[in-house]
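Fit chain B to the known structure of chain A by using the hints.
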Amino acid sequence: GALVYQYPRRTICKSGTSMRMECQAVGFQATSVAWYRQSPQKTFELIALSTVNSAIKYEQNFTQEKFPISHPNLSFSSMTVLNAYLEDRGLYLCGALTGGQNTLYFGAGTRLSVL
Amino acid sequence: QQQVRQSPQSLTVWEGETAILNCSYENSAFDYFPWYQQFPGEGPALLIAIRSVSDKKEDGRFTIFFNKREKKLSLHITDSQPGDSATYFCAASAQGTGSKLSFGKGAKLTVSP
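In order, the protein sequence lines correspond to chains A and B. Following the working numbering, the numbering of the first sequence begins with 7 at its first residue and continues without gaps. Following the working numbering, the numbering of the second sequence begins with 10 at its first residue and continues without gaps.
Bound conformation, chain A alone:
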């Protein structure tokens, strides 16, 4: 089955610092990767959608300057949270979509805490 690995699982950073999280698709080719943030209240926000050979599309309230994403191949994507502050806390989820299917498979997430 489709597996999506995210690391680190948890991270703590000081306010104003940055942290990078990674996403690896195993067993399938992730033609599209969607980065979501799940708030402490459990709501989901789509940050951006990255499709191989296409420009990365950021949702409203999220920018490349704040959340730069790299999607160099069909199995790997990374996202950095720059200048993290308290409002950036949450569970960052990588969802991978394989071509021909409409199903988004999520990793276990990277939980970001900001001190």
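Don't read these hints as lab results, they were simulated from the structure. Treat the hints with care, since some could be wrong.
[Unchecked claim] Residues of chain B placed beyond 10 Å of chain A at every Cβ, according to the derived structure:
| id | residue |
| --- | --- |
| 1 | Q10 |
| 2 | R14 |
| 3 | N31 |
| 4 | R70 |
| 5 | Q90 |
[Said to hold, decoys possible] Simulated pairs of lysine-lysine, BS3-like, Cα-Cα distance not exceeding 27 Å:
| id | chain 1 | residue 1 | chain 2 | residue 2 |
| --- | --- | --- | --- | --- |
| 6 | B | K81 | B | K66 |
| 7 | B | K109 | A | K72 |
| 8 | B | K81 | B | K65 |
| 9 | B | K114 | B | K81 |
| 10 | B | K65 | B | K109 |
| 11 | B | K66 | B | K80 |
| 12 | B | K114 | A | K63 |
| 13 | A | K63 | A | K48 |
| 14 | A | K48 | A | K72 |
| 15 | A | K48 | B | K81 |
| 16 | B | K114 | A | K72 |
| 17 | B | K80 | B | K109 |
| 18 | B | K77 | B | K109 |
| 19 | B | K117 | B | K81 |
| 20 | B | K117 | B | K80 |
| 21 | A | K48 | B | K114 |
| 22 | B | K80 | B | K114 |
| 23 | B | K109 | B | K66 |
| 24 | B | K65 | B | K80 |
| 25 | B | K65 | B | K114 |
| 26 | A | K48 | B | K80 |
| 27 | A | K63 | B | K109 |
| 28 | B | K117 | B | K77 |
| 29 | B | K66 | B | K117 |
| 30 | A | K48 | A | K20 |
| 31 | B | K117 | A | K48 |
| 32 | A | K48 | B | K109 |
[Unchecked claim] Stretches of chain A that chain B covers, calculated by requiring three or more beta carbons in the stretch to come under 8 Å of a beta carbon on chain B:
| id | stretch |
| --- | --- |
| 33 | 50 to 56 |
| 34 | 89 to 103 |
| 35 | 110 to 116 |
We put the CB at the ideal spot given by N, CA and C, even for glycine.
Same frame as chain A, but now just chain B:
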């Protein structure tokens, strides 16, 4: 604006009973509806999904009933087990936008032994 709504927010059933989780949506363009199961500290795992051309999808103890006219669907979990205790999210997407899911706020299910 919440495009996908879930009710109830929480539900407790006894082991062996059927749990019913409801979902409704606003956008008529939505045609794909996955349900995700999430345990504490984990990411959401795809449980079962249905497309709008169908009115029912069954997978073991999990069944989705879909009513396109009323823009409603429900997830039925028969013979509920304590291991089914989790938060369940109803989601929806429109054709060609599979990665852009709109999520409900979730329903916390507790199955008591």
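Results of checking the hints against the structure:
Non-interface call for B:Q10 relative to chain A: holds, since the shortest CB-CB distance, roughly 12 Å, exceeds 10 Å. Distance to chain A confirms B:R14 as a non-interface residue, since its nearest Cβ pair spans about 12 Å, more than 10 Å. Every CB of chain A is more than 10 Å from the CB of B:N31 (nearest about 17 Å), matching its label as outside the interface. No beta-carbon of chain A is positioned within 10 Å of the beta-carbon of B:R70; the least distance is around 19 Å.
With a least beta-carbon separation of about 21 Å from chain A, B:Q90 lies farther than 10 Å from that chain, consistent with its non-interface assignment. Taking the CA atoms of B:K81 and B:K66, the gap is about 14 Å. The hint holds against a cut of 27 Å. For the proposed pair B:K109 and A:K72, the alpha carbon gap of about 20 Å is at most 27 Å, so the pair holds. Distance hint between B:K81 and B:K65 is fulfilled; the C-alpha atoms sit about 12 Å from each other, no more than 27 Å.
Taken as a hint, the B:K114 and B:K81 pair is honoured in the structure, with Cα atoms around 15 Å apart against an allowance of 27 Å. For the proposed pair B:K65 and B:K109, the alpha carbon gap of about 23 Å is at most 27 Å, so the pair holds. In summary, the hint linking B:K66 to B:K80 is supported, as the alpha carbons are separated by about 16 Å, within the 27 Å threshold. Pair hint B:K114 plus A:K63 holds up; C-alpha atoms about 24 Å apart against a cutoff of 27 Å.
Our distance criterion of 27 Å between C-alpha atoms is met by A:K63 and A:K48, whose separation comes to about 23 Å. Using a Cα cut-off of 27 Å, the hinted pair A:K48 and A:K72 holds, with the two alpha carbons roughly 22 Å apart. For a cut-off of 27 Å, the pair hint linking A:K48 to B:K81 stands: about 22 Å separates their Cα positions. Only pairs whose Cα atoms come within 27 Å are accepted, and B:K114 paired with A:K72 is accepted, the gap being roughly 26 Å.
Distance restraint check for B:K80 and B:K109: the Cα-Cα separation of roughly 19 Å lies within the 27 Å cut-off, and the hinted pair is therefore satisfied. For the given pair, B:K77 sits about 20 Å from B:K109 by alpha-carbon distance, which is consistent with the 27 Å threshold. A threshold of 27 Å between alpha carbons decides the hint, and for B:K117 with B:K81 the separation of about 19 Å falls inside it, so the pair holds. Distance restraint check for B:K117 and B:K80: the Cα-Cα separation of roughly 22 Å lies within the 27 Å cut-off, and the hinted pair is therefore satisfied.
Proximity of A:K48 to B:K114 is assessed by CA-CA distance (about 7 Å); at most 27 Å being required, the pair is judged to hold. Using a Cα cut-off of 27 Å, the hinted pair B:K80 and B:K114 holds, with the two alpha carbons roughly 17 Å apart. With a C-alpha separation of about 22 Å, the suggested pairing of B:K109 with B:K66 holds against the 27 Å cut-off. Note on B:K65 and B:K80: the hinted pairing holds, with a Cα-Cα distance of about 14 Å set against a maximum of 27 Å.
With a CA separation close to 23 Å, the supplied pair B:K65 and B:K114 stays within the 27 Å bound. Restraint check for A:K48 and B:K80: the C-alpha separation of about 23 Å stays at or below 27 Å, so the hint holds. In summary, the hint linking A:K63 to B:K109 is supported, as the alpha carbons are separated by about 11 Å, within the 27 Å threshold. Restraint check for B:K117 and B:K77: satisfied, since their Cα atoms lie roughly 25 Å apart, inside the 27 Å limit.
Under the criterion of a C-alpha separation no larger than 27 Å, the hint pairing B:K66 with B:K117 is consistent with the structure, at around 22 Å. Distance hint between A:K48 and A:K20 is fulfilled; the C-alpha atoms sit about 23 Å from each other, no more than 27 Å. About 11 Å separates the Cα atoms of B:K117 and A:K48, which keeps this hinted pair within 27 Å; it holds. Proximity of A:K48 to B:K109 is assessed by CA-CA distance (about 17 Å); at most 27 Å being required, the pair is judged to hold.
Figure legend: the stretch 50 to 56 of chain A, annotated as covered by chain B; annotation consistent (3 residues with Cβ-Cβ distances under 8 Å, at least 3 required). For the stretch 89 to 103 of chain A, the proposed coverage by chain B is satisfied: 4 residues have a C-beta within less than 8 Å of a C-beta in that chain, meeting the threshold of three. Only residues whose beta carbon comes within less than 8 Å of a beta carbon in chain B count, and the stretch 110 to 116 of chain A has 6; three or more means the coverage holds.
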